[in-house]
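There are 2 protein chains.
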Amino acid sequence: MRNNKGRKAVVLLSGGLDSATTLYAAKKKGFHCFCLIFDYGQRHQRELRAARAIARAAHCAYRVLKIRLPWKGSSLLEKNVRLPQPGRAGLKIPSTYVAARNIIFLSFALSYAESIGAEAICIGAHAQDYSGYPDCRPEFYAAFKKVIRTGTKAGTEGRSIRILTPLLAKTKSQIVRLGNSLKVPFALTWSCYQGGSKPCRRCDSCYYRAKGFQEAGIQDPLIY
Amino acid sequence: MRNNKGRKAVVLLSGGLDSATTLYAAKKKGFHCFCLIFDYGQRHQRELRAARAIARAAHCAYRVLKIRLPWKGSSLLEKNVRLPQPGRAGLKIPSTYVAARNIIFLSFALSYAESIGAEAICIGAHAQDYSGYPDCRPEFYAAFKKVIRTGTKAGTEGRSIRILTPLLAKTKSQIVRLGNSLKVPFALTWSCYQGGSKPCRRCDSCYYRAKGFQEAGIQDPLIY
Numbered sequence: 001m002r003n004n005k006g007r008k009a010v011v012l013l014s015g016g017l018d019s020a021t022t023l024y025a026a027k028k029k030g031f032h033c034f035c036l037i038f039d040y041g042q043r044h045q046r047e048l049r050a051a052r053a054i055a056r057a058a059h060c061a062y063r064v065l066k067i068r069l070p071w072k073g074s075s076l077l078e079k080n081v082r083l084p085q086p087g088r089a090g091l092k093i094p095s096t097y098v099a100a101r102n103i104i105f106l107s108f109a110l111s112y113a114e115s116i117g118a119e120a121i122c123i124g125a126h127a128q129d130y131s132g133y134p135d136c137r138p139e140f141y142a143a144f145k146k147v148i149r150t151g152t153k154a155g156t157e158g159r160s161i162r163i164l165t166p167l168l169a170k171t172k173s174q175i176v177r178l179g180n181s182l183k184v185p186f187a188l189t190w191s192c193y194q195g196g197s198k199p200c201r202r203c204d205s206c207y208y209r210a211k212g213f214q215e216a217g218i219q220d221p222l223i224y
Numbered sequence: 001m002r003n004n005k006g007r008k009a010v011v012l013l014s015g016g017l018d019s020a021t022t023l024y025a026a027k028k029k030g031f032h033c034f035c036l037i038f039d040y041g042q043r044h045q046r047e048l049r050a051a052r053a054i055a056r057a058a059h060c061a062y063r064v065l066k067i068r069l070p071w072k073g074s075s076l077l078e079k080n081v082r083l084p085q086p087g088r089a090g091l092k093i094p095s096t097y098v099a100a101r102n103i104i105f106l107s108f109a110l111s112y113a114e115s116i117g118a119e120a121i122c123i124g125a126h127a128q129d130y131s132g133y134p135d136c137r138p139e140f141y142a143a144f145k146k147v148i149r150t151g152t153k154a155g156t157e158g159r160s161i162r163i164l165t166p167l168l169a170k171t172k173s174q175i176v177r178l179g180n181s182l183k184v185p186f187a188l189t190w191s192c193y194q195g196g197s198k199p200c201r202r203c204d205s206c207y208y209r210a211k212g213f214q215e216a217g218i219q220d221p222l223i224y
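Sequence lines, in order, name chains B and U. Last residue of the first sequence: 224 in my numbering, with the numbers rising by one and none dropped. Last residue of the second sequence: 224 in my numbering, with the numbers rising by one and none dropped.
Chain B extracted, bound-state conformation (with noise of 0.2 angstroms):
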């Protein structure tokens, strides 16, 4: 990311340790940001607390919006479907995925740019390590760039909405050692996709989160 000292970025945030990082990055590069936070059902209700915690954190404003699809289909939403396990890595798509959700999310952050003046929307997803997730695939942001180039007001005006993904190319290990030098808060992030109060430590999420500090030799703070 270029210096963007006093330019406005809307930042995804969901309480994990990746949009933590680049809310930290986005930061650093000067970018004004604002915070958006989702509600969408998500079983581990736990990742709200810890965003709204890390927004604080950073001084920045946030927005939690509440957006429900009632139709089923993930893991992620459901509480009685199993979780996969891990070590599953570029298998197949998780029972995790939740059917066009980063679409959504970015589809929200668009309208909220649009709507500011923001040069930018931040997303914390990355190509590598577990995700196998097609929405956070390098292909995916490309295409979504020209949606926002063609299908909004910005766009057709010149005025261009950038979509940064400063995580894109990074192992987990690469993340906890970029957020460990812009001093993000790890111990106020959440990861576990349980549910539980307490990170399950089984799920895929807390094995690669202990993973990627293990690799850094960095301790997490969060108690696991």
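Do not rely on the hints blindly, as some may be mistaken.
Given that identical chains are not distinguished, each listed pair holds provided it fits within a single copy or across any two copies.
Stated by the list, open to error - Using 30 angstroms as the maximum straight-line C-alpha spacing, the simulated DSSO-like pairs for lysine-lysine come out as follows: (1) 72 to 5; (2) 146 to 8; (3) 72 to 153; (4) 28 to 146.
To be clear, the hints were calculated from the coordinates, so they are not data collected in a lab. This one's a predicted model, so the numbers in the text were calculated from it and none came from an experiment.
On the provided structure of chain B, position chain U as indicated by the hints.
Positioned in the frame of chain B, the structure of chain U alone reads:
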């Protein structure tokens, strides 16, 4: 549209005559239609009642999704902002533009379509006539198709979800004629933006509806 007997389609239904005609066109082509209706805080909430009535008249399942855009900036969402006057077609994007609205609607439709295994999303956008909205243009739909291919499970697994815009190149009078031939219950549709209990006959939407019926030589059964 080719013959699609038994295939599922999600139809974005606003309650206006464009989306009603799109629904009937999709049914005619054999689609099993699932209507998606948005309560997005529009000043003309009356159209929600129209949308439900049309879905029922067409014997189609429907869902009403409530979403709120807490940011401001559209005369369609704010009653104290003046609606544009008719006759500005092509001059500029009207004040009724809601930032990224159709992108948000399509994202939800995409999520719904993926979840129920629908093969198509139908939307009644048309580039001609009064629109001027960037998210009604063919280039935008082409870009969004690429988002579907790259950013969804369905797309990456080779099951395409098509976006069908049967009205895209049509004028309002052609839409009226098509709707008439498909026996669209025009009396149930609602176009006025104003939010009153009767059509205002002054807003953009009333103006172009009246013009369309007049040019088609068909009587509008909604008492104007």
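Checked against the structure, which of the hints given earlier come out wrong? When the structure is compared with the hints, none of them turns out to be violated.
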